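Participant: The lines below spell out each chain.
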Amino acid sequence: QKEVEQDPGPLSVPEGAIVSLNCTYSNSAFQYFMWYRQYSRKGPELLMYTYSSGNKEDGRFTAQVDKSSKYISLFIRDSQPSDSATYLCAMSETGGFKTIFGAGTRLFVKA
Amino acid sequence: DVKVTQSSRYLVKRTGEKVFLECVQDMDHENMFWYRQDPGLGLRLIYFSYDVKMKEKGDIPEGYSVSREKKERFSLILESASTNQTSMYLCASSLNAGSASGTFGSGTRLTVV
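Quick note, the sequences are listed as chains F and E, same order. Just so we're aligned: 90 in the working numbering is position 90 of the first sequence, and the numbers increase by one with no gaps anywhere. Residues are numbered in the working numbering as their position in the second sequence, beginning at 1, plus a constant of 111.
Hints in this document: simulated from the structure, not taken from any laboratory. Worth double-checking, as some hints may not be accurate.
[What the hints assert, rightly or not] Just the calculated beta-carbon pair ranges, DEER-fashion:
1) Glu167/E - Glu45/F: 22 to 28 Å
2) Asp162/E - Pro14/F: 48 to 54 Å
3) Asp139/E - Glu45/F: 16 to 22 Å
4) Gly96/F - Ser178/E: 20 to 26 Å
5) Ala111/F - Lys168/E: 43 to 49 Å
6) Thr94/F - Lys168/E: 19 to 25 Å
7) Lys164/E - Pro8/F: 21 to 27 Å
8) Leu122/E - Lys98/F: 25 to 31 Å
9) Pro8/F - Thr126/E: 27 to 33 Å
10) Asp78/F - Glu167/E: 39 to 45 Å
11) Ser82/F - Val123/E: 37 to 43 Å
[To be verified] Computed, partial: chain E to chain F, Cβ under 10 Å:
12) Phe144
13) Pro150
14) Gly153
15) Arg155
16) Tyr175
17) Leu201
18) Ala203
19) Thr214
20) Gly218
21) Arg220
Quantities reported herein were computed from a predicted structural model and do not represent experimental measurements. Virtual Cβ for every residue (Gly too), placed ideally from N, Cα, C.
So here's chain F without its partners, still in its complex pose:
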């Protein structure tokens, strides 16, 4: 079993839809939870991160962490064609150097 599981998609939605991206994990020691966005032929860019449980909102993006269920989510409101990319979840332990990445979910937002 992988430490982090993420549905690879692809996920195709119409413009304006609410998108839900999810990851599950098995290591209860993870404390940092990140979401990266990766456009084609580019490196990942950090979109949001949260520490421990709870929600974090940044514009159209909301990250949620449920440590009791070992489940994290990224919601995108009012999705735009420019949101079309691969979204990677990532996690690490406090003080640890290693970050474990999900395989990424490919998202297509149709105009």
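Fit chain E to the given chain F structure using the hints.
Facilitator: Structure of chain E alone, referenced to chain F:
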């Protein structure tokens, strides 16, 4: 914004060649990382460095080595390239350990023929 620069976007090398991938960051970050990214497997950590001349193995170090002679530069070396090392290679740097993983370069797509 911190910038991580990888010297080559695309490389084609022959089996058995020694290959050098270079990465430079400009924000005085302590930590630097090399990952490879393959479809369906996500990013896998090859090596990382938390200080000059210091290096630690990641999850898939076999067939690779690294060098960090200066704080801003972290090199990945494929001692004898093989076809199964065809991949996208990503360098990253970060200020703090265990926090958000920082900034990635644009990647080097290496093809070994």
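Participant: Which hint numbers does the structure go against, in order from smallest to largest?
Facilitator: 7, 11, 16
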